[in-house]
Amino acid sequence: AMAKLILLLLNWIFLCCNVAAVFEDQVGKFDWRQQYVGKVRFSHFDSHMQSSKKVLLASESNVFAALNTRTGELFWRHVDKTGPEGNIDALLQHGQDAVLVIGNGHLLRSWDIGVGGMNWEMVLDPGSFRSACLVGHQGAVKHLAVLKKTVISLHYLSNGHQKWVENLPESETVDFQAVYSGGNGEVYALGVVPNSHLAIVVYSLEDGEITKQVSVEAPWLSSIPASCSVISRGLLTCVDSTTMSLYTLDLHLQLEMTQIPLQTLGLDVDPGFRPSLVSHQPNPAHPPLSEFLLQLGPEHHLLLQHNDGQIVTLRDYKPALLASFATAGEKTVVAVMAPKNKTTVMNDAINLFSAETGRRLLETTLIFTVDPNGGKPEKLHVQAFLKKDDSVGYRVMVQTEDHTLTFIQQPGRVMWTREEALSDVVTMEMVDLPLTGAQAELEGEFGKKADGLMSMVMKRLSSQLIMLQAWIAHLWKLFYDARKPRSQVKNDVSIENLSRDEFNLQKMMVLVTASGKLFGIDSKTGDILWKHYLENIPLNAAFKLMVQRTTAHFPHPPQCTLLIKDKDTGLATLHVFNPIFGRRSQVTPPALPQPILQSLLLPLMDQDYAKVLLLVDDQYKVSAFPSTKNVLQQLQETASSIFFYLADSGQGRLSGYRLRTDLSTEQVWEVVIPTETQKIVSIKGKRSNEHVHSQGRVMGDRSVLYKYLNPNLLAVVTESTDLHQERSFIGILLIDGVTGRIIHEAVQRKARGPVHVVHSENWVVYEYWSTKSRRNEFSVIELYEGMDLYNSTVFSSLDRPHAPQVLQQSYIFPSSISTMEATLTEKGITSRHLLVGLPSGGILSLPKMFLDPRRPEVISEQSREENLIPYAPELIIRTEWFINYNQTVSRVRGIYTAPSGLESTCLVVAYGLDIYHTRVYPSKQFDVLKDDYDYMLISSVLFALFFATMISKRLAEVKLLNRAWR
Amino acid sequence: KMARDLSFRVAVLFSFLFFGFINFVCCNNERRVGDALETDFSGLSVPLEHSFELDDTAKFVVRGTLLLKTGREPSVALSQNPLSEEDRVKLKEVAEVDGLYRIRVPRVSLQADRQTEWQVDGYLTAFVRACAMVESHLSDVITLHTDVSGYLIGVSIVTIPGACRGTKVEDEVDLEVFNTTLSIMAPVNAPGPETSLFLERMEQETEKKGKNPQEQKSFFAKYWYLILGGAIFLMVSNSAQPPAGGGREQS
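Chains as they are written, first to last, in my numbering: chain P, 1 to 966; chain Z, 1 to 251.
Derived by calculation from the structure, the hints in this document are not laboratory data. Worth double-checking, as some hints may not be accurate.
Here's a subset of chain Z near chain P, in silico, CB distances under 7 Å, partners left out [stated by the list, open to error]: (1) R107; (2) G122; (3) A126; (4) V148; (5) S149; (6) P187; (7) P193; (8) E194; (9) F198.
Short derived list, chain P residues pointing at chain Z, Cβ under 7 Å [stated by the list, open to error]: (10) V671; (11) E745; (12) A746; (13) V747; (14) P873.
These stretches of chain P come out as covered by chain Z in the derived footprint (C-beta under 8 Å, 3 or more residues) [unchecked claim]: (15) 723-733; (16) 792-801; (17) 810-823.
Keep in mind that this is a model prediction, so the values were computed, not measured. The beta carbon of each residue, even a glycine, is placed where N, CA and C say it ideally should be.
Construct all of the structure, not just a fragment, from the sequences and the given hints.
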């Protein structure tokens, strides 16, 4: 029966579905993809080969990747599970292998860095991860040690097998935090009893036998990784800010720490700064260097050396932002980044110093130009190499606060930058590009005040002239480009020459990332045109991006407003900027001293064509932005028709408010969903820029079924608090946002979230997990007014007494989904598709036609007339529906759709770890001639016909004349 | 004995509700009636309050009493007193300044085990424009919505007709008695995928095909003899031709 079912379905699909795949030569023509890694946590330059151009990155987004250091492109990338399960705890590299500890010490994975293939994977014993290190012996590195809370284990690098595992002594009281090996056949586990003593357990590399166990008084110590490091031949060195001292302990010989007050070295810690120590072990088979870096202040680093039991200062770097060790061959250097001079803060200079002597190496200065729209440098990753003359050369990868990686070569040439902040896009908008100068000139003519007929004519003539000039220039450029080979013709997109294209297909993508960095990206090429880093963004900030003024109001610049709200305190700030250039607007946003509950963009405009933004604070007072006299007057006039709602999911309360003329509010309705049984998980309204072309659907008998098109309708989704599979349910409430009237209330029994909802036109589509059948299901609700319309001219929530008819149908979907959105077109004539982001990385364009509650169970003449597809319980994924063919979008979190100037075309951006942009044509390109349209044939036929008529006309004339003569 | 007596009295009183005894019932309601009702009506009565003020502040006063029948199939009945002279004037005044007519009901549960005296832990409110109330001559439709567990979650009010056309209601009598349609709505069960029906239909179709195997036969199965005959005929005529052609040549 199943086979039959599928056959029937396939049949139907072939009958009624359009094919919307891309041809091979169209790949990359209308779409692009950018792949990211995320904020870098660990990085290693592949140094086992001199010519290697790889850098390994492990990120906080659980991604492990190798980049090409020449171009910044990905060689390969592995995306692990999100959350703590895939968290990368440690990255160890030796030779051709890179070993990752994943998921709080759950897994050990070894990768071949050449091709990015996995060598082996090992599941470790349970226990929370503390530390890991490579263990070398007799000049060769063959093992690695993993320290967990209660056990230490040693594994072979070649296959991951466990050589030995030993319990840590006294692990109930001692918190083991670090593991160290100096290449002498011993493994040291270092633990601490906070503010009491230090425990050192020495294991033999061969059999894991404890060869030594000591405990050393250290009442000042609380965390080993934060304040200690092993230098030289097993000399544990710690720094403590309370006693202002360095402590050293020879792990082999001593039983007591030696205190060296910093004052005796002539050093002082900056007040309030926690000093830290960095040592360097170039080869795990050999002990670390006896030199180490000590940071005593935010801009104060020191290179110290341990020499015959003495600590000596080799060099004092002040001011120095960052310092880092790097090794090339046998030589180790220190790279120090310092502000170049105090007057021009924009440049930082990086210099190399010999680690042994602390002397500055000549001709090693590298200038790092700080991006004024970026963050401060945070980390310095240095790739050192030996030049032909045996001197040390280097390149650096600077990581800044805004998650940007900049790779620089001497003397300051930026080889590439990667904006890793884009791996975490939170929200976005697409803004129309401005008109060209000439077009804008013409437009501006209408905006200006008329001052006499003559000058108007002159103005018109001049603007027409400018347009002619631009056109000729354009033609010339076309002609000029046509002679060049195609590969050389590259459209250089810069902010200056940005202008709207004929069909408005090219737009400015304004992206807001979680790190607080804003980007402006050209939607055609994917080039980053501007970026702006907002500092002091709270960690748990919520963002809402609104377009207050579009580009349509020349000469007023377009204006976007970003509302940044701290989720804990509710306090918010506004960032107002120009979306085309990314510059902060001259308009000063109002200060918001009160927590903000709700923000709404009204269709009202001030005299400068900026839409009015209303902000509701926790006292239910409303403030407007912009708040000019004109706006306030308009608000007073329309106050009684401005309603808004507030939702408090903690209390299950939905309440409606009406604006009063004095900008205070009054509560007009309240719906309370008891939180004991269910909680509100999402509330979806409709998009304000959505157009619906047809008011109804023509039925088989030629009557019309009118849609219930309530622009104020909210779809509220609740999930039951009881998660037992028999009793769990999902609630769907359709509430009018103005009157609070519950239009429809349904429960999906034996169902569970996560629920994905799309609400548009007269329908709501949601996806859930059915606990009963253990599968994903789609359900669609459609609302109809019936056979006649109550009031066809205007919709008012206050005057629609009859409840709509509600139709609902559900379907089985063979995959779980990550996100869902509906296509959007200029006039709403084109049929709608649902864009479904799948966890596999595919973006599916599912025709809405398949999600139609009027799909009949039994086929009748009328349903056939109406082109309804017979009901089949299963929605089948067809491979042609994937709009991103093989361009997988990892961890897709959101899909944004925007209309273009062409009715058939909808612009789509899918974002997650990657960003993917393409166009979709839900009803095919009915308003565009095909690429391979035969212009030659059509024009030649036309000409032929034209000449044929001419000739036949002539012939007919001659014939007539002849007949007349006869 | 005392309780029984009281419940009897209440039952009598309820039948007289339309005659203006509402105040007494309500006062009673707040004190003792809850537990008395439990035995008799297996339901509870809650006040339906309304408010219409010139300055749009909410000052709720009792409009009537809702009798909620709890249990598996909840139902609701409403008893309400007509508007007083004073209220009618006020309502018309409010309608003229386009004020709001609000109603509210307390949040209660209709679940069988919680049907004892209700506690006020908030209200559910709704509104219509006062002018719509006036122009519809107090014909309103009030719907109470419950959630799956029988808790009241929302109330809605609409008037029929719903529009405000500015028609004056001269006759005061039209604004005296409410003409209320009242209903209570529980959430409907959303349908799951209809697999069983679909499979049944598929089976029926296969059965139908099974019954007359003639249809199921493929083209070749049905007309094999014709095709074979045709092929043989062709072959025969082909092989017969050369000698015939040769014959023609000779002649």
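Hint by hint, here is what the structure shows:
no.: 1; hint: R107; result: holds (6 Å)
no.: 2; hint: G122; result: holds (6 Å)
no.: 3; hint: A126; result: holds (5 Å)
no.: 4; hint: V148; result: holds (5 Å)
no.: 5; hint: S149; result: holds (5 Å)
no.: 6; hint: P187; result: holds (4 Å)
no.: 7; hint: P193; result: holds (4 Å)
no.: 8; hint: E194; result: holds (6 Å)
no.: 9; hint: F198; result: holds (5 Å)
no.: 10; hint: V671; result: holds (4 Å)
no.: 11; hint: E745; result: holds (4 Å)
no.: 12; hint: A746; result: holds (4 Å)
no.: 13; hint: V747; result: holds (5 Å)
no.: 14; hint: P873; result: holds (4 Å)
no.: 15; hint: 723-733; result: holds (count 3)
no.: 16; hint: 792-801; result: holds (count 4)
no.: 17; hint: 810-823; result: holds (count 3)
In the structure shown, no violation is registered for any of the earlier numbered hints.
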